[in-house]
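Knowing the structure of chain A, use the given hints to seat chains B, C and D on it.
There are 4 protein chains.
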Amino acid sequence: MAKHQGHHKVAVIGGAGYAGGELLRLLAQHPCVELGMAVSESHSGKKLAEAFPGLRTPIVFERFDAARIIGECSLAFFAQESGFAMEHAEQLLAAGVKIVDLSADFRLRDPAVFQQWYKIEHRCPGLLERAVYGLPELHRDRISTAQLVANHGCYPTASVLALAPLLETRMIIPDSIVIDAKSGVSGAGRAKHTLDYHFPEMNESVRAYGVGGTHRHTPEIEQQASEIWESSITLSFTPHLMPMTRGLLATVYAKLVSPRTTAELIALYAARYNGEPFIVLHDEGFPATKVCCGANHCHIGIAVDDRTQRVTVVSVIDNLVKGAAGQAIQNMNLMLGLPETSGLEHGALWP
Amino acid sequence: MAKHQGHHKVAVIGGAGYAGGELLRLLAQHPCVELGMAVSESHSGKKLAEAFPGLRTPIVFERFDAARIIGECSLAFFAQESGFAMEHAEQLLAAGVKIVDLSADFRLRDPAVFQQWYKIEHRCPGLLERAVYGLPELHRDRISTAQLVANHGCYPTASVLALAPLLETRMIIPDSIVIDAKSGVSGAGRAKHTLDYHFPEMNESVRAYGVGGTHRHTPEIEQQASEIWESSITLSFTPHLMPMTRGLLATVYAKLVSPRTTAELIALYAARYNGEPFIVLHDEGFPATKVCCGANHCHIGIAVDDRTQRVTVVSVIDNLVKGAAGQAIQNMNLMLGLPETSGLEHGALWP
Amino acid sequence: MAKHQGHHKVAVIGGAGYAGGELLRLLAQHPCVELGMAVSESHSGKKLAEAFPGLRTPIVFERFDAARIIGECSLAFFAQESGFAMEHAEQLLAAGVKIVDLSADFRLRDPAVFQQWYKIEHRCPGLLERAVYGLPELHRDRISTAQLVANHGCYPTASVLALAPLLETRMIIPDSIVIDAKSGVSGAGRAKHTLDYHFPEMNESVRAYGVGGTHRHTPEIEQQASEIWESSITLSFTPHLMPMTRGLLATVYAKLVSPRTTAELIALYAARYNGEPFIVLHDEGFPATKVCCGANHCHIGIAVDDRTQRVTVVSVIDNLVKGAAGQAIQNMNLMLGLPETSGLEHGALWP
Amino acid sequence: MAKHQGHHKVAVIGGAGYAGGELLRLLAQHPCVELGMAVSESHSGKKLAEAFPGLRTPIVFERFDAARIIGECSLAFFAQESGFAMEHAEQLLAAGVKIVDLSADFRLRDPAVFQQWYKIEHRCPGLLERAVYGLPELHRDRISTAQLVANHGCYPTASVLALAPLLETRMIIPDSIVIDAKSGVSGAGRAKHTLDYHFPEMNESVRAYGVGGTHRHTPEIEQQASEIWESSITLSFTPHLMPMTRGLLATVYAKLVSPRTTAELIALYAARYNGEPFIVLHDEGFPATKVCCGANHCHIGIAVDDRTQRVTVVSVIDNLVKGAAGQAIQNMNLMLGLPETSGLEHGALWP
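Protein chains in written order, with numbering that gives the first Met the number 0: chain A, 0 to 350; chain B, 0 to 350; chain C, 0 to 350; chain D, 0 to 350.
Only chain A is shown next, with the shape it has when bound in the complex:
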């Protein structure tokens, strides 16, 4: 695709995984950003099409090379397992290369909390306070001026977008929050092809994991919720694997402080997300995950149960787009001063 003038080059590091591949796919259709370098240790020397046969480009994966990134790219995406970005972020930042990190390295503000959940010591804790949490609907202004953005995880994106309006208005009782989330299997990543994800075992089956608050996205959701609430929130979060490839649905439950109708809450969300290009609010009914397949949308539906004084919010995203690569590009657009929706205006695939 012919790119506009004055465009930027960017690097994708960890390009052979699912989030990396989705970055490559989306960048190829971005009107003013060009892929400068695709890095994959496992696939270096191979064409992109060997990892992703549906990408038709002559570009070849390379080994990580900080000097080349610094010489050629305005921004680098890190899409590898946690632990890699923290090794290289300081060097790139020092040279003026902006970073969007899709791993968890810069998501948790407290290095002790990071170590507790990820079992490795943080290598550059000094950067944690400079990192901006990459959920534009909450932190747009700070992202626009950030050098280092910690791209939101998939479960936290769906969960926090569902919760934010209720927390901001203090309409719910924080310790009543229960988040029951359901994800497609691509969320487990490409490298993890163990027996648990073997097609015959995963197909036609649903299972919970990280039950009892043990999933690593728990502290990330709590940190965001606590920031909005301005004091510490502890909540229950349980992810489930669905027998499908893409899509993530979060069902969020909370007790209301005082009675509200469904219509009042829909109006609250409509006001809060007014003008948001990627939030789709349902006036009635609830979205299926399929409505955002391949698109950067987050659809939200809301219902109040008078009998229990509980509100239920259902949010759906494509875990690889608004839950990973699409949001990373949305963040990149803000950081580079481009229109926020550039390269993300396409609709969802249906069916």
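Be careful, since some hints might not be right.
Claimed, not checked - Cut-off 30 Å, straight-line C-alpha distance, at most; resulting in silico cross-link-like pairs (DSBU-like, lysine-lysine):
| id | chain 1 | residue 1 | chain 2 | residue 2 |
| --- | --- | --- | --- | --- |
| 1 | B | K8 | B | K45 |
| 2 | A | K191 | A | K118 |
| 3 | D | K45 | D | K8 |
| 4 | A | K118 | B | K254 |
| 5 | B | K46 | C | K191 |
| 6 | C | K191 | B | K191 |
| 7 | D | K8 | D | K46 |
| 8 | D | K45 | A | K191 |
| 9 | A | K46 | D | K45 |
| 10 | A | K254 | B | K8 |
| 11 | A | K46 | A | K8 |
To be verified - Covered, in the sense of this in silico footprint (three residues per stretch, anywhere, with C-beta under 8 Å from a C-beta of chain C), are these stretches of chain D:
| id | stretch |
| --- | --- |
| 12 | 51-58 |
| 13 | 175-185 |
| 14 | 188-202 |
| 15 | 246-258 |
| 16 | 287-296 |
Claimed, not checked - Where chain B lies over chain C, by a calculated footprint (3+ residues, C-beta under 8 Å):
| id | stretch |
| --- | --- |
| 17 | 77-83 |
| 18 | 201-207 |
Treat the hints as calculated values from the structure; they're not laboratory data.
Just so it is clear, CB atoms sit at the ideal spot from N, CA and C, and this is done for glycine as well.
Using the frame of chain A, we list chains B, C and D on its own:
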């Protein structure tokens, strides 16, 4: 299969739907019960194999004929939409034919509550107090002497088996209960082949329905929970459709009254369900729905989250077996004085 | 998306079906063509998002209105059931509106053959000779100057692209041709949500249909093959439904006239399809349907079996893109003098 | 399940794979055969339920122990990768233990052909002539007196049952035979959980493999076809993987020697398979794979295409039942003098 002597004949009414077909499949392998009559208005005159090509039997569907059932059968299964069993139950019972009703006609004790949720007036409210709720793990003795059993719904089975030990020991705070349930699409039934369940629209997609406490299984679960608790419980129940055919998983959340460890709760469940032939307790980890495909099992896993003082219980069943036809046969076995596991001893299909 | 200057407006008729929806999705990202009018009798007055929740546009479906199309649009896509385009084509063509018809109305040259297979009389047989068959890899020049293009069907596209190089070089024995094709269920369309396509019945199951040469794509494939061969070819074509939404794979078998190696045939295809923007030839191995999900590609793999002197060609497409809407846009691009790949440069979704 | 008196004990070797697990499941419901020993090197010391959570039995996997098998069992099933059975068959047979081998070790009569396709030298070529090919519908009498049965592979079972009546009556031209087969992913086995079978990559995708006659089931099918034809037949066989767990469909094409109607051929098959307990012939229409899920049936549909003088036969089986474990039990029943349908009378799961 050669049947033992002294066997019973039974009728299956509504045999061309999914629960009916599963009854036909399971009865065919029952060692001491024989299918006397398969009733389907839509398929009358056709072989069973026209509705279920995998059932190899010369039996032909017939129209409903109370006199023939009375003359030949000890027991009748009603597997039709709500509204049919209540028309015919009194006549059959009066003639000594026992009934297992898989519809909702006799599940709710209060005819006003029935009318509120099902939008039809109950035709024989006098039978409601004679009907025994058909969940053997809770009501085995009463089922054994019952003439009329209201077979438990699929969601209530998974939910109540997960909750019962906690309610019986008053370990949890009732109004903190949230049940997030996930079912395969066979739960929607065979007649309902609307666009919502059209393969290309349902495939690769998850969606919530009945959000805000509007699903008809809500009062059924609350009635059972309230009976155990001996006072009224209101809880949140949200079902979801999964892109798979069979299987149902309930994730049940509740606040603990006082701190408990996961090990303590597993021990509680082990004691409570000791000797239960169809309950499988997981010492560690959590079951996937696939582990009970085709079998009458309910697998349960438990975890306590110290951070939130919430317990999470995950239970899985095959919605058409322990959630419908298998449980109906378990109830039948008790009602006819047969071994409870007769015809239900087979393991699950894997993979 | 901001459109370039000098762009065209087009109409999509039959916009609420799967091919129509895919046209809407692809047109929305086309750099120099704009949707002027979306027609759906069943959805008129409703927003596009009511039919396709993942399309974020304020456009509303309208009833068919020839005058408005003539007044505003350069080209109209017909994406309805057969029988509709033939009613309206003459009027639009006479007024200078070009037509890409995705139905079968203009695919068969002989009105008698049309009537034999479609059981309706052709309403404008005079247009049949003006209609150009819309497979650009075979008929690019004629499409460029055509007013009326009969867009290739999904099975014929995969089949003919697989066969053409062999027929053109007369390397195979025509009456040995067997085409065994496998399609995702979206190929059955959106309106056809009968029990056969009900999720629980279709899921986890493969079936053949149109066995014995009775599928309507048979004469279409034979007509194309015969044109290349310059004399009449009769072949065997059997379609199968796969438990998946998108994707189509054709396995084409034919006896070789004289011995050839796999390498020789790959070289033949490479030469024949050299420069084709949407044909992807595999030097080794065979493509899975997933490699072209959402993209306008056709991937081809080839093997010769020395033992049987048979060549096997495997071609895969996305049945809704290269098999329907993508190819329609490729044809439109040629007809409007736009770059052939405009709006179709995106890669496939993976995974 | 209480077993009848006079029952047999059998051993399952390679019990932790899919075919082994299916044997364990089916044996558990066999009325007169008991599992004496389950062997798995990888799972020795673990309960069966650790490999198959849906099997509720206290039995524990053990290491291979020929002496114990000889001391306790009448028959042993080998369900391991090729190469294991040939190491141990002689010892067991010498001690009077009968063998049903589900691997390929004894399927090919010619040790040179075995070595060509399996790349290992045969260790006991002398046993090859004693081995009986385990397809009861063709070799019932010889199986009944056999000590060593080579259980038919899944593709060969579906293919040969579809072809046999045509070959036996010499109605088709042998070198026109094309077999296009489609299998669920369980056919790839449990150990092979590589990226190719990772859920996100395999889901929603169809692919061919072994194209060009390179799949190891080719010589097995040809050997069977040639035996019927009484001279050597070479044919084309191409397997495909479907995005589903169980089920196998073979579409078999062949040119007729002289014109026949579809009705004539259905009559031919009806006569040939008259009385066969597991063959289900379709008078009209064609079976989907789902009709035999979990059951030992083979469904067959037939159509003649007058235009091409080709007959198309579609046969479907559950690849793990009639294609592996069910057929193994059918063979065992014959070898032990039990009713052929013992333990196999259950219908298919639907949906």
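>> Of all the hints numbered above, which does this structure not satisfy? Sort the numbers upward.
In response: Hints 9, 10, 12 and 17 are the ones this structure does not satisfy, whereas the remaining hints hold.
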